[in-house]
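Q: Sequence:
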Amino acid sequence: MLSACNGFLSSCSIFAIAASIYLSSLSFRASAIPFSVDQLQSKSENVTSKSTYIIDTVYAPLLGGFAIVLSDGKGALLTFNDPNFSPNAILGVWAPNLKDATCCDVNHKFLLVLFGSKNGDVCAYNIDELNGSLIQSFRVTPKVTNGPDLTNRLGPVHEITAQMNGFGFAAIWAPKTEDGKSIRDALPRLVTVFTSFGAQSFCNLEGVIEENLAENDGNDMYTAIEWGPEGFQLWLGTKNELMMQPFVRSASCANPIMEHCDRAVLMSDSQVLISAAREREAEACAPHSVWNHVDVTHEYLSSNWPLYAFTDSHFKHRVVAGDQGFAYCSLSNRRWKIFGNETQEKNFLVTGGVFIWNDDLVGVVGISADTDKSHLSFYPISQRLDNRLASVIDLEHKSIVSALRDDVCAVFDISAQITLCKLTAHLETGRDGFTKVSADIVTMTQLNLDQRGKLAPAFYSSIDTVPVNISGRLITLSLNEEGKLHQPMVIASYVEKMWHDRCIVAQSAQSLEPVWNGHRRNGSNVSIHSVSTTSEPSSPMNQSCSSHLSNALWIACGEKGIKVWMPLVPGKRNLATQEMTFIAKRIMLPFELDIYPVVISARDCLAMGVENQLHVARASRSQGKMESITMYGLHRNSEVFVHHLLRQLLKRNLMLLNFCCTEFSKRKLPAVSLYPTLSYHVALPSFTNSQSS
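My numbering puts the first residue of the sequence shown at 1, with every later residue one more than the last.
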């Protein structure tokens with residue numbers, strides 16, 4: 001779609017443009033498009049001014065049209081039900097409360113339309129499924145806690161670019177002007193990176209000293225911005241030069257299985273960074289700056305790109321997978337293993353992630369290029385990489401994401417099916433069946449604690465609930481007594497990541513040398529069966545007070561903070577009926593952290609994050625001018641959050657649950673004995689006010 005300053009829009013194919021053919025039959029004015037606030041009931045109206053034209057547009061195929069910004073500052077979504085983009089089939093949906101838009105982009109993963117505004121804010125909208133209207137999801141602006149003051153100095157948003165994988169977006173700002181001229185104390189060039197739902201993760205002015213800022217030069221401002229492949233680089237352009245800023249991200253972004261790792265694992269375009277173990281922090285003078293760097297072998301990087309990464313529960317091996325094949329190394333000797341047969345590597349297309357099962361088997365979800373069939377394959381770490389030594393499960397459809405819980409592996413395919421596979425070691429290799437469930441999947445966990453004297457229906461004995469993240473909305477899937485799925489229940493919105501501590505406990509509790517079916521496990525011979533697990537979770541009545549934290553589901557909601565879906569304390573058991581009485585099954589508690597968590601450790605009441613620390617070096621050029629070289633160092637930071645939970649529990653008069661969490665926290669964290677006093681002082685006044693009202 002082409003837009004001209006005279007208000008005309010033209011729908012052209014690439015072949016028509018190459019042949020210089022102007023399709024006049026598909027040209028129309030923007031003023032001829034009907035606009036409304038939704039797609040069902042509201043009355044549509046046209047733009048009154050014929051001089052109005054489109055200044056920015058982005059194709060949004062998953063949203064059914066184009067995101068546009070008009071010259072009068074209004075933003076909208078153009079929807080159409082005609083594949084030929086006929087003018088009579090177009091309907092515009094206004095973005096509410098937006099009259100100063102400057103640019104737009106689309107997050108395809110979370111179905112968000114992003115608009116930049118003249119006041120410096122970035123607004124995000126999602127589609128209401130009931131009437132098709134645009135609803136504002138969040139509105140953010142850059143924040144600098146240790147740097148220049150942004151008050152009354154922030155200019156309009158010049159450009160927004162979202163990552164193709166949907167993990168975040170970046171924006172650049174133009175200098176603030178008055179009467180067409182830049183203000184005297186205008187900010188220097190500014191770029192900020194946000195997560196998918198608006199949590200700020202990077203700002204180039206953070207840590208910059210105001211006195212060291214150079215005078216504002218119009219030729220030095222950012223004029224263009226674009227993400228590199230997979231979001232590991234951010235390209236920035238000015239009128240005079242082109243720069244590239246490298247980035248690292250959490251390995252759990254592309255591989256959700258890594259959300260259950262209890263150490264920070266980051267990925268760059270050629271490296272994997274692992275934080276030091278907390279039990280060894282006392283041995284280092286600056287443990288927050290210590291990282292285990294693992295360089296991916298060039299033999300694999302030369303023809304692939306690291307999209308997925310995984311570390312086993314004991315951090316002995318690291319596996320990475322690109323478009324074709326995979327490679328893994330031992331973290332003790334840094335020796336990499338790749339396919340000895342290059343044809344086998346190029347024939348294996350990884351589509352659903354990688355993982356390590358029981359610390360000595362690499363599981364890979366992908367398709368064969370020659371047969372175009374999807375499969376789940378397991379390779380022994382102790383032997384060479386060869387398809388003849390692999391155990392394979394054939395899958396019906398292409399799989400795009402995988403999850404692992406205990407000895408159960410799940411894959412989600414393009415037909416909206418979940419395949420659950422029970423993993424069991426045998427002395428022979430083979431291909432076996434699997435169990436299917438119709439649903440999406442992100443992770444699997446044991447959440448249903450209300451057993452009422454009998455076991456709740458479950459997919460497997462250790463899996464009764466499947467949380468599903470659908471474009472930021474977290475729903476839960478569970479079975480009824482008849483073995484059918486309950487109606488999906490939405491428990492949270494704007495969800496970016498989630499953690500469940502029991503997944504970490506279950507994985508770390510596995511023995512290094514287990515025995516199944518009377519045979520000792522042999523790493524070179526493994527078969528996978530779709531039968532139920534035998535591990536039985538302990539009863540909620542027999543669990544300690546720590547079960548409230550270890551069974552909680554921790555949710556990161558971007559700009560809206562952190563939430564925890566916590567089980568409530570069961571009442572006393574009725575001796576006559578042997579049934580438990582409950583206030584409710586679970587409660588959602590919101591709280592805020594000063595950091596964006598990469599890892600949530602509920603056992604230690606600790607949130608772990610990563611921050612950039614600015615380092616500026618001075619260097620001289622050949623012409624005698626001084627040049628500043630900016631470098632960023634990665635530092636791990638952490639924050640104890642138990643006092644936030646106690647405050648929220650006190651506000652809701654959940655004294656017994658508060659007491660259990662407090663006693664557990666005192667045993668784990670001696671310094672936490674001060675937090676209950678603080679929480680009572682903060683929470684009791686608000687609770688008293690609510691009671692009096």
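It is possible that some hints are incorrect.
[Claimed, not checked] List of simulated lysine to aspartate or glutamate pairs, EDC-like, C-alpha gap at most 16 Å:
#1 LYS373 with ASP360
#2 LYS398 with ASP372
#3 LYS109 with GLU230
#4 LYS176 with ASP149
#5 LYS176 with ASP100
#6 LYS337 with ASP370
#7 LYS398 with ASP359
#8 LYS143 with ASP179
#9 LYS337 with ASP386
#10 LYS118 with ASP56
#11 LYS316 with ASP359
#12 LYS560 with GLU592
#13 LYS143 with GLU482
#14 LYS398 with ASP323
#15 LYS74 with ASP149
#16 LYS99 with ASP72
#17 LYS346 with ASP372
#18 LYS143 with GLU639
#19 LYS239 with ASP269
#20 LYS118 with ASP72
#21 LYS337 with ASP372
#22 LYS346 with ASP386
#23 LYS143 with ASP604
#24 LYS118 with ASP38
#25 LYS422 with ASP386
[To be verified] Just the calculated beta-carbon pair ranges, DEER-fashion:
#26 ARG278 with THR145: 47 to 53 Å
#27 THR151 with VAL37: 32 to 38 Å
#28 THR151 with GLY73: 20 to 26 Å
#29 ASN6 with ASN88: 18 to 24 Å
#30 THR238 with SER415: 26 to 32 Å
#31 THR238 with ASN6: 41 to 47 Å
#32 LYS373 with GLY483: 40 to 46 Å
#33 CYS12 with ARG384: 39 to 45 Å
#34 ILE414 with ALA4: 54 to 60 Å
#35 GLY237 with LYS50: 16 to 22 Å
In short, the hints are calculated from the structure, not lab data.
Being a predicted model, the structure only gives us computed values, none of them experimental.
Even glycine gets a Cβ: it sits at the ideal position worked out from N, Cα and C.
Q: Would you mind marking each hint as holding or not holding in the structure?
A: Hint check:
no.: 1; hint: LYS373 with ASP360; verdict: violated (26 Å)
no.: 2; hint: LYS398 with ASP372; verdict: holds (9 Å)
no.: 3; hint: LYS109 with GLU230; verdict: holds (13 Å)
no.: 4; hint: LYS176 with ASP149; verdict: holds (14 Å)
no.: 5; hint: LYS176 with ASP100; verdict: holds (14 Å)
no.: 6; hint: LYS337 with ASP370; verdict: violated (23 Å)
no.: 7; hint: LYS398 with ASP359; verdict: violated (26 Å)
no.: 8; hint: LYS143 with ASP179; verdict: violated (26 Å)
no.: 9; hint: LYS337 with ASP386; verdict: holds (11 Å)
no.: 10; hint: LYS118 with ASP56; verdict: holds (14 Å)
no.: 11; hint: LYS316 with ASP359; verdict: holds (8 Å)
no.: 12; hint: LYS560 with GLU592; verdict: holds (8 Å)
no.: 13; hint: LYS143 with GLU482; verdict: violated (52 Å)
no.: 14; hint: LYS398 with ASP323; verdict: holds (14 Å)
no.: 15; hint: LYS74 with ASP149; verdict: violated (29 Å)
no.: 16; hint: LYS99 with ASP72; verdict: holds (7 Å)
no.: 17; hint: LYS346 with ASP372; verdict: holds (13 Å)
no.: 18; hint: LYS143 with GLU639; verdict: violated (20 Å)
no.: 19; hint: LYS239 with ASP269; verdict: violated (27 Å)
no.: 20; hint: LYS118 with ASP72; verdict: holds (12 Å)
no.: 21; hint: LYS337 with ASP372; verdict: violated (25 Å)
no.: 22; hint: LYS346 with ASP386; verdict: holds (13 Å)
no.: 23; hint: LYS143 with ASP604; verdict: violated (30 Å)
no.: 24; hint: LYS118 with ASP38; verdict: violated (25 Å)
no.: 25; hint: LYS422 with ASP386; verdict: violated (23 Å)
no.: 26; hint: ARG278 with THR145: 47 to 53 Å; verdict: violated (26 Å)
no.: 27; hint: THR151 with VAL37: 32 to 38 Å; verdict: holds (33 Å)
no.: 28; hint: THR151 with GLY73: 20 to 26 Å; verdict: holds (23 Å)
no.: 29; hint: ASN6 with ASN88: 18 to 24 Å; verdict: holds (21 Å)
no.: 30; hint: THR238 with SER415: 26 to 32 Å; verdict: violated (47 Å)
no.: 31; hint: THR238 with ASN6: 41 to 47 Å; verdict: violated (31 Å)
no.: 32; hint: LYS373 with GLY483: 40 to 46 Å; verdict: violated (30 Å)
no.: 33; hint: CYS12 with ARG384: 39 to 45 Å; verdict: violated (53 Å)
no.: 34; hint: ILE414 with ALA4: 54 to 60 Å; verdict: violated (39 Å)
no.: 35; hint: GLY237 with LYS50: 16 to 22 Å; verdict: violated (34 Å)
Comparing the model with each numbered hint stated earlier shows that hints 1, 6, 7, 8, 13, 15, 18, 19, 21, 23, 24, 25, 26, 30, 31, 32, 33, 34, 35 do not hold.
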